[in-house]
Amino acid sequence: MIWLDTLVQGILLGGLYALFAAGLSLVFGIMRLVNLAHGDLIILAAYLVLMGVTLLGLSPWIAALVAMPVMFALGWLLQAAVLNRVLGKDILPPLLVTFGLSVALQNGLLEVFSADSRRIPVGALEGASLDLGLVTVGIMPLMTFASAIVMIIALNGLFYHTALGRAFRATSDDAVTAGLMGIEPKRIFAIATGIAMVVVTLAALYLGMRANFDPSIGPARLIYAFEAVIIGGLGSLWGTLAGGIIIGVAQTFGAVLNPEWQILAGHIAFLAVMLLKPRGLFPRAVD
Amino acid sequence: MLETRDLTANYGQFRALFGVDITVAAGECVAIIGANGAGKSTLMRSITGVIGNEPGMVLHRGEPIGALSSAEIMKRGITMVPEGRRLFPSLTVEENLLVGGQARKVPGPWSLDTVYDLFPILRERRKSPSTALSGGQQQMVAIGRALMSNPELLLCDEISLGLAPVVIRDIYAALPRIRAGGAAIVLVEQDIGKALAVADRVYCMMEGRVMLVAKAAEVTREEIHSAYFGVAA
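Those sequence lines, one after another, are chains A and B.
In terms of our numbering, the first sequence has 101 at position 101, counting the first letter as 1, and numbering is strictly consecutive.
In terms of our numbering, the second sequence has 1130 at position 130, counting the first letter as 1, and numbering is strictly consecutive.
In short, the hints are calculated from the structure, not lab data.
Hints are not guaranteed to be accurate.
List of simulated lysine-lysine pairs, DSSO-like, C-alpha gap at most 27 Å [as the list claims (entries may be wrong)]:
#, chain 1, residue 1, chain 2, residue 2
1, B, Lys1105, B, Lys1127
2, B, Lys1105, B, Lys1075
3, A, Lys89, A, Lys186
4, A, Lys186, B, Lys1075
5, A, Lys186, B, Lys1105
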């Protein structure tokens, strides 16, 4: 039964990685921008939620709801004031800018919150579990996974059934022609990054409730997110979930074999998928 | 309604337009003809803000719009059917049409229904990916997409390029109905005969300059020949 249990835990862990990755996937899909500060922005959002809990006495869920519009505004501002200026044919300037932002964020967080590792307190929910007969699953991992599914359904709904979503996809296809259709690509990019930061806040909530975090752990979250996006195939959110699940399952099985192999196994799974399917499991028809 | 004044445009060191003056009156159909490289498409890209200009080089209703963004110019009612159609490949036919109308919502003759009436084949193909259509059908989508914003001025850049004669005939047959809806039309064409048959006035360009302005009904073959090739007939 340990194998089944490990599989289920891995799948549920994949939900967390999908949450990490969805914002990255969204931004990359629309503006071909790899945001190297994505992991650090998750950590920033986790501290925001933590402040809501400790300073304002809110429950983590309410604190996350409060943090979401703040993060949306931050993402909008970041895109409008900084990233829009460096987006262009050359992919290097935005990479350098977001790398710089990553370093600045880590050091800023270190300055304000110190290097102590913190956790968002959730009370009894933290250790609660559900006995499903064959396996026992934690309530928190289950909620993480369910949130990932709901978020993907919501984002897909936005993408495929709203005027804003059409504008996202049109701009992603061809920004110049989108401009000729009255769509301001830079405004669309700012909204997209804002939405990505709302997703980031949701990821941060679960990250902070499930494990300790400190200002230095952002880049590793970026790596997991990046691998999930690449495994899934660029531009497919369900693919991103699949990518997250593959990394999660590889990590839990790696950990069963030898605790030191947990992280390594995830990366090996990523490399294996790249060898077999260089474009990812669910690539878009047009790229 | 639309006017360019001493419009110049450069691609880096290369000057593509040398002081172009054109006017388009409300409801008028103007043809711009000329050989490859004459600057016709550059002129379209300048008017629609794809290439930035001095503000006063392009006027709409007397107001300078030369420095506005493509999106701002489009919202004023100047919409382009771009060369090569440029449909959005990840959108369906119907989504391509809807994108055309979502940024500028003004009352007018054009809606999904009337565009489908203009090009009935698109109604049957409305759920198809735009990439699955034939070239002619794609051109219909591109025209329909532009019409969805109920433009005052429709700029058509080489709408017959690369299409079979029978398809071109169908597309040109739609132009009178588009004019009847009130839109002025600028037709950029290499097919002189097609352009003259529907236009009120014609501008002939060569090497970035306007060589000839004439009423389409009065211009002679010799005049066109001379302006088109830059030689005395």
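Do the hints match the structure? See the list:
1. This hinted pair checks out: Lys1105/B and Lys1127/B have alpha carbons roughly 23 Å apart, not beyond 27 Å.
2. A C-alpha spacing of about 9 Å is found between Lys1105/B and Lys1075/B, which places the hinted pair at or below 27 Å, so the restraint holds.
3. A distance of roughly 15 Å separates the Cα atoms of Lys89/A and Lys186/A; the hinted pair therefore holds under the 27 Å criterion.
4. Between Lys186/A and Lys1075/B the CA atoms are separated by roughly 16 Å; this keeps the pair inside 27 Å, and the hint holds.
5. Annotation: proposed proximity of Lys186/A to Lys1105/B holds, straight-line Cα distance about 21 Å (limit 27 Å).
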